[in-house]
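S.K.: The chain contents come next:
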Amino acid sequence: MSKNRAAWLLLTLVLPVWAVGFYHSLDMRREQIRPRDGDRWLKRYAALRPHLKGSPKATIVYGPTRRSQGNKRLFRAQYALAPTIVSLPRKRQEGPPVRPRKLPLIYDHHTRSSLDKALKPLAAQARRRGVAMRTEIVARGLAVVWLTEE
Amino acid sequence: MVATLLPALIAAAGGALAFAVLRRHGWDAGASVAAAVALAPGVGFGLLSLSFFFWVFAGFAAPGRGTLIALTVALAAALAAPVVGRVDPVERPSDARRPRAVLLLALLLAGVCLGLLLWTLPQASEAQPFGGWDAWAIWNVRSLQLYRAAAGDHGRVIGELKHGHPDYPLLLPGALAAQYCLLGREDLAIPQVTGLIFGLAAGAALFAALRRLGSTLGGVAAVAVLWSTPAFWRWVFAQYADIPLGYLLLVAASALASQLEAGARHRLPPVLAGFCLGLLTWTKNEGLVLAVVLAAAFAAVLAATSRPLATALATVRRLPWMAAGALPALIALILFKSFWSPVNETARFISRAPQTLADPDRWRPVLTAFWEQLNPWTGAAMWGLLWPFVAVCAVVYWRRRAVCGAPVHFFSAALALIWAAWLVVYVCTPADQVWHLNSSLPRLMLQVMPVTLVWALAGVGRARPTRAPRPVLERA
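Protein chains in written order, with numbering that gives the first Met the number 0: chain A, 0 to 149; chain B, 0 to 475.
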């Protein structure tokens, strides 16, 4: 087969591959330029930083939410607060144990009322166990809680 | 503006270094430019990432601009110093007459995609400034942790992470953090532009690889196919490490393939080849698997293809220099895995392998998932007609295998091993199998796509090995 013919044959093979790929790529492109959450969440979690007082780690306790949304919030908090390590409580359903701790807790709820509802039993438990609890409200539904010895 | 230009400047510096090394080794200017453009981001970001890592691993905070530049230049000088396997300048053979219209048409196809990519960058950056999920959960957050951590605290910050794959190596995060150091601040434009540069470089590397194998038209066609594949568009703006890994896999494979070429004219300097191979392991965990696979395929083809004893010995004599090139990245990987990185799932994976490989219920979902990606009825939205095209090329390769050179056989062997490795990974995974397949299979296939295109188009293109020129003067 002559070189010219082979070249045209190759292009004949490649052209439909390119065309079909390009067609579907335009769909992919539309998806990539669809706006996502901007820096709204970044600002929300970055506001925690002065309240963490340079703490190397923090535990995040988030309010009732779909599991995937909870993971999203964890990773977003991790991004916003780097290099502070953000982790989840070991027993998520029960929440973190109420005892004096050097590291802060971050309570992340959607609304102030939901946050208050979560903090109330925590405060009661802290009083019963003789643990001092200090709460710093950072934004709507977002608070930093310090549990120290009384 | 500076933040937008900085990644390009670093890639350009890497390309300039590669160009200088290639010229010292006797490459002609035209081939040096093509190869240097292909190698630019790997060399540039790779050196930067390693310099940054060694500095912070030594217990210092993120380096200042001057310190980082000095370290990078020192590392570059160490890699560029040895001149091994210098090629005597030979007359460039006259270019074979190429059908001009076909080439121009192929260039047009690639050019349309390139224009669209560049036009889309600002829109994609505005829509998802932090990239996709893995970007802000793994790669970009790691770069911030590296940049912001106090002196001596980097190991603790990474070692105590519970989420976000803290065991992943640090090529991309290190390169991003290093750029923050050069810029003097963090900037979202850095990961956005760096990601696209790797995507464009994958095209350049594809072109350079096929041009070296004797098919300029094949190179342009391959770039057109790569840049028009929907999966490429899915992740090129996502700021993930999969496209950089795919690019480095292609560059490392091409570098090794060039060591097998009959003629020495455009054999990549072994130190540079080894450096690219080392960077593969420094990018993602699967990079180590890929590097081992490439090494195994290289050894197999070297042993299997008949060649004069002197040529074989000359190839073997270059191996220590390749190992030397890979050393900086391998040392970084060993230090990272030994002292910083938490233990990953590898041990559990290996212990499960015997029983999971023998279990047909483990194979069924994996084969189903692979088939769903590969066949055009279900996979077109992600791959277009790519895989049927590769299948056609595979048939042509098989029929012409007797006349294909050792480099093409090397790509065949490497790809066969890589696909087999991916199958085994999914059969043996300790994670939920369906979740693992859904969340990562297309990306693993994307990593392999550029190398697959080289093999596909090299197999159908000019197949005769280049004739050896006059004897090469080699200095160890």
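Simulated from the structure, these hints should not be mistaken for lab results. Note that beta-carbon positions come from the ideal geometry of N, C-alpha and C, so glycine has one too. Hints should not be assumed to be uniformly reliable.
Said to hold, decoys possible - Simulated DEER-style distance windows between Cβ atoms:
no., chain 1, residue 1, chain 2, residue 2, range
1, B, Arg363, A, Arg33, 52 to 62 angstroms
2, A, Lys116, B, Ala357, 49 to 59 angstroms
3, A, Pro49, B, Pro429, 47 to 57 angstroms
4, A, Thr134, B, Trp132, 27 to 37 angstroms
Claimed, not checked - Simulated coverage check for chain B against chain A, where a stretch passes if three residues somewhere in it have a Cβ under 8 angstroms from a Cβ of chain A:
no., stretch
5, 31–41
6, 102–108
7, 271–280
8, 363–369
Claimed, not checked - Here are some of the chain A residues that sit facing chain B, going by a computed Cβ distance under 7 angstroms:
no., residue
9, Trp7
10, Leu8
11, Thr11
12, Val16
13, Trp17
14, Gln31
15, Arg35
16, Trp40
17, Thr58
18, Ser86
19, Pro88
20, Arg127
21, Trp145
S.K.: Each hint needs a verdict: does it hold in this structure or not?
M.R.: Going down the list of hints, with the structure as the test:
At about 35 angstroms, the beta-carbon gap between Arg363(B) and Arg33(A) misses the expected band of 52 to 62 angstroms. Range check, Lys116(A) to Ala357(B): Cβ separation about 52 angstroms, and the 49 to 59 angstroms hint holds. Separated by about 41 angstroms at the C-beta atoms, Pro49(A) and Pro429(B) break the suggested range of 47 to 57 angstroms. Between Thr134(A) and Trp132(B) the Cβ separation comes to about 31 angstroms, which falls inside the hinted range of 27 to 37 angstroms.
Counting residues of the stretch 31–41 of chain B whose CB lies closer than 8 angstroms to any CB of chain A gives 0, so the stated coverage by that chain is violated, three being the minimum. Counting residues of the stretch 102–108 of chain B whose beta carbon lies closer than 8 angstroms to any beta carbon of chain A gives 4, which reaches the threshold of three, so the coverage claim holds. A stretch counts as covered by a chain when three or more of its residues have a beta carbon under 8 angstroms from one of that chain; for the stretch 271–280 of chain B and chain A the count is 0, and the coverage is violated. Evaluation of the coverage hint for the stretch 363–369 of chain B: breached, as 0 residues show C-beta separations to chain A shorter than 8 angstroms, against a requirement of three.
The restraint placing Trp7(A) at the interface with chain B holds, with a minimum CB-CB distance near 6 angstroms, inside the 7 angstroms limit. For the restraint placing Leu8(A) at the interface with chain B, the shortest Cβ-Cβ distance is roughly 9 angstroms, beyond the 7 angstroms limit, so the hint is violated. The beta carbon of Thr11(A) is not positioned within 7 angstroms of any beta carbon in chain B (closest approach about 10 angstroms), and the interface hint is therefore violated. At about 5 angstroms, the closest approach between the beta carbon of Val16(A) and any beta carbon in chain B falls short of 7 angstroms, and the interface hint on this residue holds.
Because the closest C-beta pair between Trp17(A) and chain B is about 5 angstroms apart, less than 7 angstroms, the hint holds. Interface restraint check: Gln31(A) against chain B, minimum CB-CB distance 5 angstroms, threshold 7 angstroms, status holds. About 5 angstroms separates the beta-carbon of Arg35(A) from the nearest beta-carbon of chain B, less than 7 angstroms, and the hint is met. With 7 angstroms as the threshold, the beta carbon of Trp40(A) stays out of range of chain B, its nearest partner Cβ sitting at about 9 angstroms, so the hint is violated.
The beta carbon of Thr58(A) comes no nearer than 10 angstroms to any beta carbon in chain B, farther than 7 angstroms, and the hint placing it at the interface is violated. A hinted interface residue such as Ser86(A) counts as satisfied when its beta carbon comes closer than 7 angstroms to some beta carbon of chain B; here the least separation is about 5 angstroms, so the hint holds. The interface hint given for Pro88(A) is violated, since its Cβ lies 11 angstroms from the closest Cβ of chain B, which is over the 7 angstroms cut-off. With its C-beta approaching chain B no nearer than about 30 angstroms, Arg127(A) sits outside the 7 angstroms limit, and its interface hint is violated.
For Trp145(A), the suggested interface contact is broken, since its CB lies about 20 angstroms from the closest CB of chain B, more than 7 angstroms.
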